[in-house]
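Starting from the known structure of chain A, fit chain B onto it as the hints suggest.
Protein chains in written order, with this note's numbering: chain A, 1 to 514; chain B, 515 to 820.
None of these hints come from the bench; they were simulated from the model.
Glycine residues also receive a C-beta, built at the ideal position from the N, C-alpha and C atoms.
Treat each hint with caution, since some may be false.
Unchecked claim - One side of the interface only, derived from the structure: several residues of chain B facing chain A at Cβ under 7 Å:
1. L543
2. T546
3. K547
4. H550
5. P551
6. A552
7. A555
8. R556
9. N566
10. F569
11. L570
What the hints assert, rightly or not - Beta-carbon label-pair distances, calculated as ranges:
12. A:G357 / B:A789: 47 to 57 Å
13. B:A535 / A:Q380: 18 to 28 Å
14. A:A318 / B:A535: 20 to 30 Å
15. A:H28 / B:R818: 28 to 38 Å
16. B:T534 / A:H181: 21 to 31 Å
As the list claims (entries may be wrong) - Below, in silico cross-link-like pairs of lysine to aspartate or glutamate (DMTMM-like), each with a Cα-Cα straight-line distance of 20 Å or less:
17. B:K809 / A:E126
18. A:K55 / A:E31
19. A:K443 / A:D217
20. A:K456 / A:E483
21. A:K90 / A:D224
22. A:K303 / A:D217
23. B:K547 / B:E748
24. A:K303 / A:D235
25. B:K809 / A:D131
26. A:K315 / A:E347
27. B:K547 / A:E378
28. A:K443 / A:D82
29. A:K352 / A:D307
30. A:K303 / A:D231
31. B:K547 / A:E381
32. B:K547 / A:E210
33. B:K547 / A:E23
34. B:K547 / A:E205
35. A:K443 / A:D399
36. A:K95 / A:D503
37. A:K443 / A:D145
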Amino acid sequence: MGRVIGIDLGTTNSCVAVLEGGEPTVIHNQEGGRTTPSMVSWNADGDVVVGAASKRQMVTNPQRTVFGVKRLIGRKATELTDLASRLPYKIVPAKNGDAWVDIAGTPRSPQEISAHVLAKMKRVAEDYLGDTVTEAVVTVPAYFDDVQRQATKDAGAIAGLTVRAILNEPTAAALAYGIQHAANQRLAVFDLGGGTFDISILAIENGVFEVLSTHGDTALGGDDFDRVVIDVLADQFTRDNNYDLRSDSVALQRLKEAAERAKIELSSAMTTDVNLPFIAAGPNGPLHLIRELERGQLERACKSLLDRLEAPCHKALADAHCTAADIDQVLLVGGMTRMPAVQERAERIFGKPGSKGVNPDEIVAMGAAVHSGIMGGELQEVVLLDVTPHNMGIRMAGDKMSVVINSNTSIPTRAKRVYGTTEDNQSFVAIEVFQGEHELATKNRRLGRFVLGDIKLAPRGQTKVEVSFTMDADGILEVTATEVGSNKAASVTIEASSGLTQDEIKALGSRLNR
Amino acid sequence: MQQRLARGPYDALGLPGNATASEVRSAFLELTKIYHPARFARLAQDIQRLSNEVFLSLRGAHDAITKAIGGTPRTTRSTQMPPMGPAGTGPMRAPTSPLPVVTLPPSAPPAPGTDRPTVRMPSSRVAVPGSASQSQSQPLVAKPASKSEPNVAGGARPPTPQPTAPSSGRIPTPAVGVRITGAIPTTRAGSPPVGAGDARAASPTAAAPAASTGGAPFNERAELMNAMEMIRQEQWPQAVAQLQQLASRVPASKAYRAMLCYARGREAQVAGRIADAIAELERALQIDPAMPLAKATLAQLQQRRR
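Chain A on its own, in the form it takes in the complex (with noise of 0.2 Å):
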């Protein structure tokens, strides 16, 4: 059998790795870098470029080099108008209302974007083994819905692999960590990304890996920092200059830049300088942006940002039954937990500092290649327990939630309910099935519908129709609603939807692979 890679998919970077003699192996990419930007342009001669070479035409090409898609992935246009308005390239609703990216007039699925760079993590992967690979454990943020999660399989289609399971990043995390550190413990992961921020609570006991919570914030990462410092020099620029850097999008594009980069260096450094000379043409010549940028300022501006962690991890330690001193070691995982602040602000949540000896920019792809070898049978003596991150329900009257399966529970698992019709000589009920935390069920992600018909005419609530949802490994959903007392039954499986066809997926995919 070929073997199974396991790809992080990341926000601002991308990391491929496989099993070798039982240890997990990051594969460095053609230009020699462990990493590889998750980053897609199109040429004037409609070419794509993808990886490092598509960062460095970022400042030429800005309009048709898309970065950061993971945030887009499964979302809908209307959901991300905030970040539209600050990105150089073009969100555009797709048909069924998703959000597209508009390149050179031409819309793109997000998953076709994605889809780009999971087939130049392949080919380096093929290289490296020089043996063709068709299937891979790709990774997400543990807090993804089923729609985001779809969407992500869709795009390993599109590249040509089949996506043998969706892993939790946190939990991959964990995984590769555990299979060195194999002792029983309990284990927090605190994985702060480009994009998203996900914290999970583990169990770690004679090899089983049990997910006890989870919890996260997907608008919260390392593009967010970035903002910040974005926001911090044009603001100054504005009050000098009289000119707004983020109206003018090749200047936005050399800003984000330097703004990373700054934010990288006070990492190491206490003080960083930012060089832009010719940023902007005023009405008077060229501007430049020339400043030094100090620690303290970029903490004291992060300092919302730095609160938004406190939150989920208190609620993944409650949903976890234990408090910050029953764990035993905090994981530190994504880019941005290279930041001190963020490290301070870990350690005073779990009351000890994060562990060392950690990359957290290869851990994640580390840990879906270990998961490869679950599957494949070369690690018989570790295997995971995931949960799933959001409620599971109906819908009753009055758009109530009325939650089946509890998030953080774990799974594969199943529960039942049992419902009363709510109108006299009901004849059938409709069965919608949502996910997510709101009470209000259209707050939340609707999943499907279906109905079963023809039960016992009855005055309401004497006729009872028992719902039963059945979740696998990976989350897929099997739902089934049986009138109470005969052998009436209705039942679906229900997948999200990412928005493509499966005819849509098999185009794009050959139109890739030409």
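Just chain B now, with coordinates in the frame of chain A:
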């Protein structure tokens, strides 16, 4: 695993009736390492579904015993597992149903604003199978519910039920955000899994009500678990025999026939009959073109031949 699962939670975990909480826990963890669905993620979908059921049963056993001997089930914090095994036939230690059943008092109609779950009946939409036994082929309507729909009481039988579609596995056009891959009634006892291609249609829940009525002499799931174990241990002649039995008991299952050919192929390969092995593996792939195990072995064999 076959008899063990059917005989109740202690047998399922391979433990004596006086096992301690920590023995229960470590037996469960060891079995988890063997039977977790991730171990079967690269096999046919039928097998994945079965591994899911087996694992749910193991966890149900773990939780039932842990609860009965006074511990808190760690694996199931907020939602309870169904009891494992045929209810009433196995020596279940936990007599209470762990299911969160919400029953409504027949005399009291649900009052608005209470916490009582009720299912709202949309009175104007029509998507009603003529009977449950027909609903297998009934396209499920997945239109977004209209919010403006009046919440009329006294819902009469809806107008004309939709004609049922021929059972061609036709799936309705996905509505926004929805992909429905299968539909099956849960009325038939022991409904056999269908081919791997539409394996989703073989509902694992289909077996649950049937099992609870008890007395089925042929435990398909257990038989398949045995076969899978033999494949895992590469005991090809035993696997062939087991799969032959399965395939003849459930002739509709393409997956079993494909697995049988695969096992025969591997048996031939081990015996050095390479041409036979290739022929059997090719047959497996004709039956189930998506069988990754067969594909990979076949590719290896053909490469070696050249």
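Structure-based check of each hint:
no.	hint	verdict
1	L543	holds, 5 Å
2	T546	holds, 5 Å
3	K547	holds, 5 Å
4	H550	holds, 5 Å
5	P551	holds, 4 Å
6	A552	holds, 5 Å
7	A555	holds, 5 Å
8	R556	holds, 6 Å
9	N566	holds, 5 Å
10	F569	holds, 6 Å
11	L570	holds, 6 Å
12	A:G357 / B:A789: 47 to 57 Å	holds, 54 Å
13	B:A535 / A:Q380: 18 to 28 Å	holds, 25 Å
14	A:A318 / B:A535: 20 to 30 Å	holds, 24 Å
15	A:H28 / B:R818: 28 to 38 Å	holds, 31 Å
16	B:T534 / A:H181: 21 to 31 Å	holds, 28 Å
17	B:K809 / A:E126	holds, 19 Å
18	A:K55 / A:E31	holds, 13 Å
19	A:K443 / A:D217	holds, 17 Å
20	A:K456 / A:E483	holds, 8 Å
21	A:K90 / A:D224	holds, 19 Å
22	A:K303 / A:D217	holds, 16 Å
23	B:K547 / B:E748	holds, 18 Å
24	A:K303 / A:D235	holds, 17 Å
25	B:K809 / A:D131	holds, 15 Å
26	A:K315 / A:E347	holds, 16 Å
27	B:K547 / A:E378	holds, 12 Å
28	A:K443 / A:D82	holds, 19 Å
29	A:K352 / A:D307	holds, 18 Å
30	A:K303 / A:D231	holds, 14 Å
31	B:K547 / A:E381	holds, 6 Å
32	B:K547 / A:E210	holds, 12 Å
33	B:K547 / A:E23	holds, 19 Å
34	B:K547 / A:E205	holds, 11 Å
35	A:K443 / A:D399	holds, 9 Å
36	A:K95 / A:D503	holds, 16 Å
37	A:K443 / A:D145	holds, 14 Å
The structure agrees with every numbered hint stated previously.
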